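Those sequence lines, one after another, are chains L and C.
Each step along the first sequence adds one to the number in UniProt numbering, with nothing skipped, and position 71 is 71.
Each step along the second sequence adds one to the number in UniProt numbering, with nothing skipped, and position 42 is 42.
These aren't lab readings, by the way, just hints derived from the structure by calculation.
Don't take every hint at face value.
Which copy is meant is left open, because identical chains are indistinguishable; a pair holds if it fits in one copy or across any two.
With a Cα cut of at most 30 Å, we get these calculated DSBU-like pairs of lysine-lysine [claimed, not checked]:
1) Lys65 x Lys54
2) Lys80 x Lys54
3) Lys65 x Lys80
Computed from a prediction, not measured in an experiment: that's the story for all the values here.
Letter by letter, the chains look like this.
Protein chains: 2
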Amino acid sequence: MSHQYTRETAAEGVENALKLLEGRWKLVILFHLFGGHVLRFSDLERAIPGISQKMLIQQLRQMEKDGIVRRIVHHQVPPKVEYCLTDWGQALCPALDALLTWAAQREGLDGGNQNVPSQDATI
Amino acid sequence: MSHQYTRETAAEGVENALKLLEGRWKLVILFHLFGGHVLRFSDLERAIPGISQKMLIQQLRQMEKDGIVRRIVHHQVPPKVEYCLTDWGQALCPALDALLTWAAQREGLDGGNQNVPSQDATI
DNA sequence: CTGCATCCGCATGGATACTG
DNA sequence: CAGTATCCATGCGGATGCAG
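Throw the hints in and build the complete structure from the sequences for me.
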């Protein structure tokens with residue numbers, strides 16, 4: 001399982017991965033679905049204040065197409081559609097946790113140069 | 001170092017982290033800087049075909065402001081400016097690797113339902 | 001209830017030309 | 001060499017209205 005990537009393919013790989021997560025609301029949706037939660041369209045709508053239906057369905061559809069989210073249609077009136085994560089979608093957890101860890105490291109390391117944005121090499 | 005996040009703060013944290021990585025060229029630049037490489041403006045320009053000066057300087061400036069990239073100015077004629085990663089920027093490596101790992105898992109798990117995008121719960 | 005269509009404003013990104 | 005300034009195209013996201 002050793003990763004042997006060239007600088008370019010690695011950049012492409014991460015860019016592709018990031019592209020799947022891009023979108024104003026995908027992360028929020030994802031976190032509402034983590035842990036095996038199964039939510040209806042209206043549940044998500046209510047759980048995410050400020051999101052429009054268009055955005056909600058758009059982001060859900062994209063993630064469904066990308067294999068991150070599973071869509072379950074119950075043919076009944078009134079309609080009922082539920083959303084949950086695929087196995088692959090659940091597998092995102094560790095990666096996002098790593099990102100979280102990195103973000104948390106901001107205060108702590110970085111060489112103590114938060115207030116020295118530009119170094120000046122003038123002699 | 002246990003992460004104890006609520007659903008909301010975690011989403012915010014990751015979103016903030018992702019926001020720092022957003023931008024058409026940031027990842028590409030990052031990967032060219034990983035490994036302690038110190039590159040001049042023109043080096044990056046040459047190394048990344050298709051990028052415009054505007055985009056290059058814009059993305060670099062944002063990452064500098066965010067503490068990911070360090071900018072070193074040599075006051076001389078002709079001008080010479082070098083860019084490298086901060087310690088925190090270098091620390092991004094594991095997180096991006098996790099993302100890479102996740103992306104690689106696409107083929108392999110996900111319950112074998114790549115061809116069944118929408119499940120149908122009709123009785 | 002769930003989801004699609006349309007229109008609109010704004011931010012992002014790209015091309016080009018110019019400056020210290 | 002290392003930017004800055006300007007103009008322009010595109011796309012994203014928001015609001016509203018309609019349909020199955």
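Of all the hints given earlier, name the ones this structure violates by number, lowest first.
-> none
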